[in-house]
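Asks: Below are the chains, spelled out letter by letter.
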Amino acid sequence: MRTKNKLATALALILLIGVLGANVVFAEGGQEKPYLFGVSIWADSDPLSKKVISNLRYAADVLGAKVEVAVDGFKPDNQVSNIENLIARGCDAVMICNCTDAVVPKIVKLAEEAEVPLALYFRMINDPEIRKYAESAKYFIGNVHEDEIAVGYALGTAIADKGRKNAVIINYNKGDTTAGNRYEGYKKAFAERGVKLLGEQWDILDAEPAVNAVESFIAAFPELDAIAVGGGGGGPLAGTIRAVRNHNKIGQISITASDFGPDIEDSLRNQEVAAMSGGHWTDPFFTFMLLYNYVDGHPLSDKPVTITMEPIYLTSVEEAQQYTKWCMDQPPYNEEEIKNMTVRYNKDFTLADLREIAAAYSLEDVMERHK
Amino acid sequence: MKGIKKLIPYIGLALIILLFGVLTQGKLLTLRNLKLVFNQAVVLIIASTGVAFVMAQGSLDLSQGSLLGITGAMTATAAALHPGLALPMALLTGFAVGLINGSLLAFLKIPSFIVTLCVLFVLRGLTVIATHAGSIPVPMEMLAFDSYDIKVTLLVLILAGAYYLFNYTQTGKGMRAIGSGEVAARYSGVPVERLKVTAYLISGTLCGLCGWLNVVRTGAADSKTGLLLELDILTALVLGGMPLTGGSGAKLQSAVVGGLMLALLGNGMVLVGIMAELQQAVKGVIFLLAVYLSFERESAVLIK
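Respectively, the protein sequence lines represent chains A and B.
Heads up: the first sequence begins at 0 in numbering that gives the first Met the number 0, then just goes up one per residue.
Heads up: the second sequence begins at 0 in numbering that gives the first Met the number 0, then just goes up one per residue.
Read the hints as simulated data drawn from the structure, not as lab findings.
Be careful, since some hints might not be right.
Said to hold, decoys possible - Part of the chain B face toward chain A, derived, beta carbon under 7 Å:
1. Ala-143
2. Asp-221
3. Leu-288
Stated by the list, open to error - List time: in silico DMTMM-like cross-link candidates among lysine to aspartate or glutamate, alpha-carbon distance up to 25 Å:
4. Lys-49(A) / Asp-91(A)
5. Lys-186(A) / Asp-160(A)
6. Lys-34(B) / Asp-91(A)
7. Lys-150(B) / Glu-114(A)
Stated by the list, open to error - Reference excerpt, derived from the structure (chain A facing chain B, CB under 7 Å, subset only):
8. Lys-74
9. Pro-75
10. Asn-84
11. Pro-104
12. Lys-173
13. His-369
Ideal Cβ positions, reconstructed from N, Cα and C, are used throughout, including at glycine.
Given the sequences, and given the hints that come with them, work out the whole structure.
Replies: The structure is reproduced here in structure tokens:
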């Protein structure tokens, strides 16, 4: 008992000294520290998330900044914890691909309390009340996203153009704005072009559950001739292709997908995929540029900014080869171009310029600039 | 040797504080970060406190993660009707599931491992249905309940009440007696079935409260909410020194010490910048180490 008391006293002392002394003993020196940007992301191992992270790290490196990544698995409680932790880590700004509108008020509140700028990537806010709340917050800088209904519509049209009549949709989280908007786009195209929607499966974020879902659909619907993969970072597409291949249905079932898979060229060459949209990992890059300018003392706007981008659509092996060469093997924006997107290096840079650059993003645009 | 074993959780806690205190250059111990650790640990500590009553009897409750999910979904659904209905609905859901768990164990004599594992699957399915495989938002005004004052008050009240119940009442003593030996406890006049149900009622109701706390913290109930919480609870309790076999060695403070250890460990690893995947591996290794150091091999019996 005596030992226990001594230990308890020692522990209390350690804690007390730590709490009181932490800020004094380990106080930061006068050196200028690089800006630290916190990124909460759904995963860090699928093709899309890997590219998002590497592209952000490249941009941060060019600007002498650092990026801290935290994986949230698209769970609201993890997303809240990640934002708390990233702020505690000392991030100068945080960005997140929120899994639902519902989590936005909480993370905006956390950013407000900590006075740390926050921005969303890949996400628009559908709920008008939540959007109003976020946009009235001082530290909500804005969001960058694609027109996801248009994405779903374009890919749904591609299915119809192939003459397919019976489709299913594999999608990730229900309640997620991006997944929901792509779904709406697909449904609109299917309704207009007479494609029957046989079934849908949600909550698919990885390859394995996608394999199971697709195999069930193939067993249940012999007439199935098209599968629309709503996204999920490339993993669900890889699983879908595997399942279709396992059942020797390549060529008989057309697959479309948002978020490129790991083998874009092979997928198109082997006719495993009819059309894909992707390459939109530049979307978080523009979110990062918004935040960088803000943190650097040159906010591009005094109001929250929304930037809408277009993804890249690939339908042929040639396009895929060009995409790999110009967008994957080299960054779509080089060192000079990145620096020119900051007021620090380009005093005349404005929000209109950033919008223009984002709007112009396409395979042709990248090729034109870097040829 | 036994005395040292009892001190292992406290030594572990001190080591974690020291290690990450140094590695994070003191960031771990700033007041702001400690508030954050508390914020992230409070659900785990409260849920672990409830499960401590179950584990004291030598049983397990593996349904906690799914119970957190379904209480969250029920809370959000009730909150849509009226925010005032959210907390009663959460507590009621937790109580009902606790009653089912306890009754299946006590009266149908199905081992707790099997009962709560089956309930875990049932509740997860119901959560997916209730949330339409997505998430349900709660009214924004409910975020106001996510305050330190409320959490601190709740935690203090719960810990004080649980400590008294666990250590100073026939209920708590009876539960530990069941863990030490069910047959002997029965012969001693301990109402075994009633106490088994009571333990699950406590654990279920406290988990219901955690469901409410989780929803007001995030602003949404999600189909994935609470995934693997049961393993975090088990890890926290074992790290805190709770014997897997229950009995007289069971201590309620295991929930607090273990919950804090796990929260500090998680927070420390994030502050240091350890990769998310590696964090899981580190937790697994530490759990294994804790079981190795604290497991009473000579008195081990099958988990009831």
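Asks: Compare the structure with each hint and give your call.
Replies: Okay, the hints, checked on the actual structure:
no., hint, result
1, Ala-143, "10 Å, violated"
2, Asp-221, "5 Å, holds"
3, Leu-288, "19 Å, violated"
4, Lys-49(A) / Asp-91(A), "22 Å, holds"
5, Lys-186(A) / Asp-160(A), "15 Å, holds"
6, Lys-34(B) / Asp-91(A), "20 Å, holds"
7, Lys-150(B) / Glu-114(A), "23 Å, holds"
8, Lys-74, "5 Å, holds"
9, Pro-75, "4 Å, holds"
10, Asn-84, "4 Å, holds"
11, Pro-104, "5 Å, holds"
12, Lys-173, "3 Å, holds"
13, His-369, "32 Å, violated"
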